[in-house]
Amino acid sequence: MKLHIPGVRIKHTLPDVAPVPSLTLPLPEKLYMPLSMHIGAPAAPCVSVGEQVYKGQKIGEARGAISAAVHAPVSGTVLAIEQWPSARGGECETVIIENDGLETLSPDLCPHPECENDADALVALVRECGIVGMGGATFPTAAKIDSARGKMDTVILNGAECEPGLASDYAAMLERSDALLHGIRLLLMACGAKSAILAIEENKGEAISLLSGKLPADGSVKLQTLPSLYPQGGEKQLIYNTTGREIRSGGLPADVGCAVFNVETAIAVAEAVESGMPLIERYCTLSGSAFAQPKVVRVRIGTPVRHISEAAGGYETAPKKIILGGPMMGMSVYRTDMGVNKGSNGILAMAESGSESERQTSCIRCGRCVENCPMGLMPNYLNLFTRKNAAEKLQEYHVFDCLECGVCAYGCPARLPLVQQMKLGKARLRAWQNAEKARKEAQK
Amino acid sequence: MNTLNAVLLLALLGGLFGLALSYAAKVYEVPVDQREERISEILPGANCGGCGFAGCGGCAAAIVSGRAPVSSCVPGGNATAVKVAEIMGVEAEIQELKVAFVRCAGGSTGQKYDYDGVKDCLAATLVGSAKGFQLCEQGCLGYGSCVEACKFNAIHIIDGVARVDSDACTGCGQCAAACPKKLIDLIPYGVAVSIPCSGCDKGAATKKLCGSGCIGCALCEKSCGHGAVRVIDNHAVIDYTKCVSCGVCAEKCPRSLITLDARFIK
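Line by line, the protein sequences are chains A and B. Under our numbering, the residue at position 26 of the first sequence is numbered 26, and the numbers go up by one with no gaps. When you read off a place in the second sequence, starting at 1, and then add 444, the result is the number in our numbering.
Rather than coming from a laboratory, the hints here were simulated on the basis of the structure. One thing to keep in mind: the hints can contain errors.
To be verified - Below, simulated PhoX-like cross-link-like pairs (lysine-lysine); rule was C-alpha separation at most 25 Å, straight line:
id	chain 1	residue 1	chain 2	residue 2
1	A	K426	B	K595
2	A	K321	B	K575
3	A	K426	A	K388
4	B	K563	A	K426
Note that the structure is a prediction, hence the values are computed from the model and not measured.
Work the whole structure out from these sequences, hints included.
See below:
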């Protein structure tokens, strides 16, 4: 049909994961609910220490339009509200809940049939239920719908699995296919779009055959099979590969009439309407050489990483490195007592650190990073400008367009830490922009 | 005859072009403030950026246009300020000479995790812990973002910690701006005592984390006859507006942390 945006076929160092049946884990004694587990302002706590909370009760109120509410994943008592290490890096305000094991549901939860055909009511419900993009980027879904209502014709459902080696989206599509199709219908209605594209990578054969048999008869939902390339699940890449539309630098999907939702997000929307249950649970893939067997588990948000790995059968060998997220974009963590968040689609435990820093050599200008970059950037130059702290050049070469997918570093024969240089470059450019702004204001 | 013609023709052409050029120079003259050029000559020419303008030329232009005070050039110090003030026809404010000072003496006993990413302080705080990999969360990371920022070769990494050569330092503050841990302060030049620690842990914890850190015992605070030393956030801080550089606190410090510069003891 058309050229695909560059990407790489990642050699699977991770074993293939059987997506189903997913494992439901025993619940932990304590859950750590970060109030900042989405893009935007952190939620404001609306419970106090010592208070009894029910499963599904709101414990954090969204602060502003780009923010998301946080709900208690279990019933129990609020032990503390304090700064705690977060899976997104650094520390954030966290509500620590002691589980009473009773799973008492909040009396406020009820089905919302009125939302089936009312876009405004649905957006309000999505906001109330704290639903965010579950592919990992965690952008508040209500804000996404709001910003693009009426401006778009196509809703794209991301079933591409954002990273190689994970099977969380795959499991969600297989186990919750009815909820997924319900969610697609709701999102179409809320966005005012005419058609939906369900984009699935070709290596997820079971999901393709299951869902293609269930598509609605009116043809509003099309299933599109995509090659298993990385980063196929990136928003801009997915839009280009399904519709051929390109978004200019700094633009939004709504500019080209599209909105992209992860399949698990659509399921969460359907669940909110069907039972009123807010977002408190997600699929998470456990993989890596330290685990005896890779598996997909259902986890409550806020479950400590340590509890998940122990409850899922523990490690085979002591891990040297633990990564939250996928092998390409995940962040390695140094503590296992932090709770997983709404974007935690994987936990990887590696028996060896796998670090290549000792093999680092100099750039040989082979251009492989330029060839592979799905955003059309020049990581070789960005690396140089970052090292030289040339902020203006970083801006000129669009460092902010980098999505840190890691394809450049993956293919680099010199093993340069290109992704971290991009992160550093962004930080340096941001600092320079702030300094420029302050200087211009001072000169006025 | 031919030779004479050629010489005359060339002389004539030369004269005409000369006249045209001198006419153009008058008509199209770009007015340059002489003061700007003279100030540019006086400024150190390191283009350090300490003034907040793009290089020394930018600073000179800002001074002439009144957007910046005559004492804008920090590295140039009072001597430069006086000369610039003379050109501008104003009185220079005499500023206290300042130097950078790193509030960490090193000695962290270990690391929270192995970090083997980009060897840059800012990069190290962007992954893993936002406070870096050292056990002491306030400590210097030792990758030398400040060294890179210094245009005067006045700060170096010695035994894993940034140290300032106070005689080479011009107090421009670029290192302080580059430090992601905000560990570098500007202190007056010529003081006898300084306390290189900013650890916020309690004494017992500090002893475990760091071989040299301040344990907050407050012996310095008690011994100071001028009320210049205070223990704030579990580490001692000197108020240089009160300090008289007697050096008594340094003698009392049980950790031998307070550094004494014998040249400046009064």
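Hints, verified against the model:
1. For the given pair, A:K426 sits about 23 Å from B:K595 by alpha-carbon distance, which is consistent with the 25 Å threshold.
2. About 19 Å separates the Cα atoms of A:K321 and B:K575, which keeps this hinted pair within 25 Å; it holds.
3. Of the supplied pair hints, the one linking A:K426 and A:K388 holds, its CA atoms being roughly 13 Å apart against a limit of 25 Å.
4. As the CA atoms of B:K563 and A:K426 are separated by approximately 16 Å, the hinted pair is consistent with the 25 Å bound.
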